[in-house]
Amino acid sequence: MQSWVPFVPDSASTFSWKVDAVYFYLSGITLFFTLLISVILIFFVLRYRRRSPYEIPRPIAGSHKLETLWSVIPFLIAMTIFGWASKVYFEQYSPPTNAVEIYVVGKQWMWKIQHSTGQREINELHVPVGRKIKLIMTTEDVIHSFFVPAFRMKADVVPGKYTTQWFEATKPGTYHLFCAEYCGMNHSGMIGYVTVMEPREFDNWLSGNTGNTTPAVAGQQLFQTLGCVSCHGANGEGGRGPTLAGLFGREVRLSNGQTLRADELYIRESILNPQAKLVEGFGPIMPTFQGQVSEDQLVQLLAFIKSLQISNPQQSTPMSSPSPSRTQSPAATTQAARNPF
Amino acid sequence: MIDEAFELPRPSKVNYINAQYGLKSWLLTRDHKRIALLYLGSITFFFFIGGLYAMMIRLELLTPQGDLFHSTTYNKVFTQHGILMVFFFLIPSIPATLGNFLVPMMIGAKDLAFPRINLLSWYIYMLGGLITIYALLAGGVDTGWTFYAPFSTTFSNSYVVAAGLGIFVNGFSSILTGLNFIVTIHTMRAPGMTWFRLPLFIWAQYATSLVMILGTPVIAITVLLLAFERVAHVGIFDPALGGDPILFQHLFWFYSHPAVYIMVLPSMGVVSELIANFSRKNIFGYKFVAFSSLAIAVFGFLVWGHHMFVTSQSVYAGMIFSFLSFAVAIPSAVKVFNWTATLYKSSISYDTPMLYGLGFIGLFTIGGMTGLFLAALAVDVHLTDTYFVVAHFHYIMVGGALMGYLGGLHYWLPKISGRMYPEGWGRFSALVIFVGFNLTFLPQFVAGYMGMPRRYHAYPPEFQVFNVLSSAGASILGFGMLIPAIYFVWSMRYGKHAEANPWHLPGLEWRTQSPPPTENFETTPIVTWEAYEFAPPGETEVIGKFAGELETA
Chain A
13 MQSWVPFVPD
23 SASTFSWKVD
33 AVYFYLSGIT
43 LFFTLLISVI
53 LIFFVLRYRR
63 RSPYEIPRPI
73 AGSHKLETLW
83 SVIPFLIAMT
93 IFGWASKVYF
103 EQYSPPTNAV
113 EIYVVGKQWM
123 WKIQHSTGQR
133 EINELHVPVG
143 RKIKLIMTTE
153 DVIHSFFVPA
163 FRMKADVVPG
173 KYTTQWFEAT
183 KPGTYHLFCA
193 EYCGMNHSGM
203 IGYVTVMEPR
213 EFDNWLSGNT
223 GNTTPAVAGQ
233 QLFQTLGCVS
243 CHGANGEGGR
253 GPTLAGLFGR
263 EVRLSNGQTL
273 RADELYIRES
283 ILNPQAKLVE
293 GFGPIMPTFQ
303 GQVSEDQLVQ
313 LLAFIKSLQI
323 SNPQQSTPMS
333 SPSPSRTQSP
343 AATTQAARNP
353 F
Chain H
9 MIDEAFELPR
19 PSKVNYINAQ
29 YGLKSWLLTR
39 DHKRIALLYL
49 GSITFFFFIG
59 GLYAMMIRLE
69 LLTPQGDLFH
79 STTYNKVFTQ
89 HGILMVFFFL
99 IPSIPATLGN
109 FLVPMMIGAK
119 DLAFPRINLL
129 SWYIYMLGGL
139 ITIYALLAGG
149 VDTGWTFYAP
159 FSTTFSNSYV
169 VAAGLGIFVN
179 GFSSILTGLN
189 FIVTIHTMRA
199 PGMTWFRLPL
209 FIWAQYATSL
219 VMILGTPVIA
229 ITVLLLAFER
239 VAHVGIFDPA
249 LGGDPILFQH
259 LFWFYSHPAV
269 YIMVLPSMGV
279 VSELIANFSR
289 KNIFGYKFVA
299 FSSLAIAVFG
309 FLVWGHHMFV
319 TSQSVYAGMI
329 FSFLSFAVAI
339 PSAVKVFNWT
349 ATLYKSSISY
359 DTPMLYGLGF
369 IGLFTIGGMT
379 GLFLAALAVD
389 VHLTDTYFVV
399 AHFHYIMVGG
409 ALMGYLGGLH
419 YWLPKISGRM
429 YPEGWGRFSA
439 LVIFVGFNLT
449 FLPQFVAGYM
459 GMPRRYHAYP
469 PEFQVFNVLS
479 SAGASILGFG
489 MLIPAIYFVW
499 SMRYGKHAEA
509 NPWHLPGLEW
519 RTQSPPPTEN
529 FETTPIVTWE
539 AYEFAPPGET
549 EVIGKFAGEL
559 ETA
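Read top to bottom, the protein sequences are chains A and H.
Quick note, our numbering runs 12 ahead of the 1-based positions in the first sequence.
Quick note, our numbering runs 8 ahead of the 1-based positions in the second sequence.
To list a few chain A residues with every Cβ distance to chain H over 12 Å, as calculated:
#	residue
1	VAL112
2	THR129
3	GLU136
4	THR182
5	PRO184
6	GLY185
7	ARG212
8	VAL229
9	VAL241
10	GLY245
11	GLU249
12	GLY269
13	PRO286
14	MET298
15	PRO299
16	ASP308
Listed below are the simulated DSBU-like cross-link pairs for lysine-lysine, each with C-alpha atoms no more than 30 Å apart in a straight line:
#	chain 1	residue 1	chain 2	residue 2
17	A	LYS119	A	LYS173
18	A	LYS77	H	LYS295
19	H	LYS504	H	LYS118
20	A	LYS30	A	LYS124
21	A	LYS183	A	LYS144
22	A	LYS77	H	LYS353
Calculated from the structure, these hints are not laboratory results.
Just so it is clear, the structure is predicted and the values come from calculations on it, not from any experiment.
Cβ coordinates follow ideal geometry from the N, Cα and C atoms, glycine included.
All chains should be modelled from the sequences, with the hints used to inform the complete structure.
Written out as structure tokens, the structure is:
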């Protein structure tokens, strides 16, 4: 599993070589300055060793010119590192809109993974080469960190919110998955593998793992059993509660006059703590679901709500669209939001 | 016992050690020098327990399987190693021992401004230490020294509150020491001792004290909130109770990043003394080095977010923290260049303290440069929470802070105990420690980039080679640490008697007898010379009646 450069882990994502490039640049600078200082030190220590016990060398006060020089040059070098590393970081944390979404829930001490096509895995993640994957992650208990060294990526999962990271694998193989944030007794056992496959193999793997309901379908069932339908409608068309169809990614006007974009965190909060951000025109009548839905179920509800489209309610069932995607028609959504009935 | 060890260097001389006898004269002393020794004994005790934990960690990691301890035990071992080393050794190390002893002596004062508060700070430190020892004996703590919520507040089943209380109490000793130093340096400098005549060690202590006073209350608040949540279930950090776990990290690092500067600034001060005095040359760019200490202290408060680049912090906040972290590296870089330039056309002796000083420059350069890797956003995403981080901060805290401390102890030992350490053994152990240290921590940089996460009880077998090297290095390092411990104790009885000024230096602390009298100087010194103004022996003005000694030296 070694790559051709010594002391560098496998490179298996589009970020790997970008991070490695900055790393090599930094290593070069470090080596240069460490050698520079060491060589000068050793030279001075030998050249200017004390030759007679009472000699007093002539004092030198200092030199503003030199000091300015060796403040400014390191600063400029530091800024090149800063700029380059920030650029790569920005890419790492700006997921593309067309990425396939996979849900990750951490818990002491395992990783639970749900593909949007319904496959579930524990401590393993199968992904195809050459497809952009976005992980939407949370945790049931403490903070963990999803770390795949071969992808040079890592992001904490934080209780009470969703964090995301994305990657595009480039090389088939099996790579380490680690929990990088200390999480208690079996922290070092919270490990697994990411298996990167050729797209065709991956499709085989997918079809060999059918029989699972997709998160969106499971979410629809929850939507029924939790009684959400009575206010939000069977397909999220709304009623006593706001319309959910087409909600995700849309601007929402709140009763306090603010507007926000409906993202994962907003939907999550509205389920767990409905009074926190009331939609304009609706009263505080929804009960809280804090403690009644698990993180897995929240993810499923989220997937269902994301899958709801603005269209004829009869056609809009998540079953008919195996890979949920959202299409937005801003005019229509605004209409629907303003007029819940 | 302790009095016996410090038997009269010469029968006629009264000094701070033999001025009074008996346990009571030590436990109720208000002499800053005696309090420094009390601290020295206590922090050495905590250092050796912390070191024992380090050895246990390295033994466990010798093999990939977790076979020596259960993971619960291992988690407690690395947590307790961190807590003891950070809060009970590194933070008090130089300020409470060398600083306590030397701040008044170097500025020509009789004592610190508040001698009783100084003694109080030692008692508070001991109280905090005892509470923490209780936590360790009662069952231990397993949260990591970082106490991240909600693990620490809700999930950990260990003595978190007791350990937190120990740290909370201990913080006050830090604050009091800082307060004492600041007031002393402002108000008690001898006539003629202007700000720019102060030795750079004093500037470093001053900057450290600022950080202690401004930062420590924040960790106290943080630990208090943590205890509130754990005991009373008030939702502050745990989202299940309505809190925010990231808030804990902000509060924790707002103190704990500046705390790194509490550990390393004093060491930089010591190294400035070592480099100047053992090359008989004034520090190149004195003012710049002095002000860079203050700059580090101030900017050190603005970079805490670089511990949180992957915690869902905003990308833009990450960029600002990254930028500031690069900026704070510059004053440190300049110090390294200035120390190096000081050696140009100087007269360098190869005494043990200088070996530590030179070792510090090399190791601190590596420690500082690898800090840039972690300040660089994209690289930090890969490296954070791996062994790279472990290696980096050990280069700063052991390669930096500890090397400076050991160098300082050797340098001022003649003044403190009135005895010389054995020079040959000193040089030998400095070399052993240097080699052992590098062998321990260099491989961890590589293991970290290869992806080995920190705080792992068991690890995939491909990382074993790095861990075996590291454990081998740790055993050499541990052996190296024992040598000075042995010969320091040996030298108290058998060491050569030290003269007032065994190194022939101009600093005020060398112009009085060794060990000094309780009031430090026979008469108040009047300073007419600049810092590091070297003169031929005999021409150095001496304060007190033991002046004759210097001329014969």
